[in-house]
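In numbering that gives the first Met the number 0, the protein residues as written are 0 to 189.
Treat the hints with caution; some may be incorrect.
Claimed, not checked - Just the calculated beta-carbon pair ranges, DEER-fashion:
| id | residue 1 | residue 2 | range |
| --- | --- | --- | --- |
| 1 | P165 | K118 | 17 to 27 Å |
| 2 | D133 | K173 | 29 to 39 Å |
| 3 | S139 | I115 | 18 to 28 Å |
For the record, the hints were derived by calculation from the structure and aren't laboratory data.
Just so it is clear, CB atoms sit at the ideal spot from N, CA and C, and this is done for glycine as well.
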Amino acid sequence: MILYRYENAGAEKKNPKQKYKTKRSPGNVPYVVDNLWEWKRPEGYPNRRHSVCASPSPELAKESAPDKEQLFRVEPKGHVLLVQIEVKDAKFHDDCKNLKKNLLELLGKGWVGKSIVEKNPIAALWAPCLSEKDVKELFSKEPLAAIRNKIWNSITFWDNARVFNPGDPFPFEKGEIFFEADEWCLYPVE
């Protein structure tokens with residue numbers, strides 16, 4: 000199993016890299032979707048906000064990071080949690096479009112036109128990096144409590160995500176991989 004990632008030239012000089020201690024907000028997934036994914040993240044799966052993304056091939060790595068300069072082989076070390084999804088990049092997952100649409104439909108057409116005071120109890124759902132506890136609390140109160148089960152059931156990101164071990168074959172031929180590891184290293188690919 001070889002993982003690939005594009006980074007800026009010279010990124011290997013900072014090896015080994017340490018596990019991300021702070022949350023990183025998503026750059027390619029809407030905050031509201033990211034928050035809903037975190038709310039439904041299964042036990043034992045890596046937290047995307049602390050994860051490193053990689054690809055099973057150099058070609059997919061390049062597609063996911065077109066603004067980066069150099070291809071690297073990625074080696075996670077220590078305690079490692081690896082997951083692969085079926086789509087080549089999380090930004091292409093159907094949830095990125097469908098969850099926003101479903102949420103607004105369930106809140107009703109008039110919700111978007113309400114004042115900030117009226118939107119306030121729900122607006123936090125669009126803030127970056129809410130915890131599972133934060134989202135759970137938002138959905139415990141009206142008006143979100145009324146649509147909680149419908150939104151929960153419409154989150155599909157984790158349905159086909161597969162946990163696997165270093166050395167195992169990839170669950171999918173093409174699909175984004177993300178992992179949490181105690182540390183990880185980058186090695187330039189010539």
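Q. Does the structure break any of the earlier hints, and which numbers would those be?
A. 1
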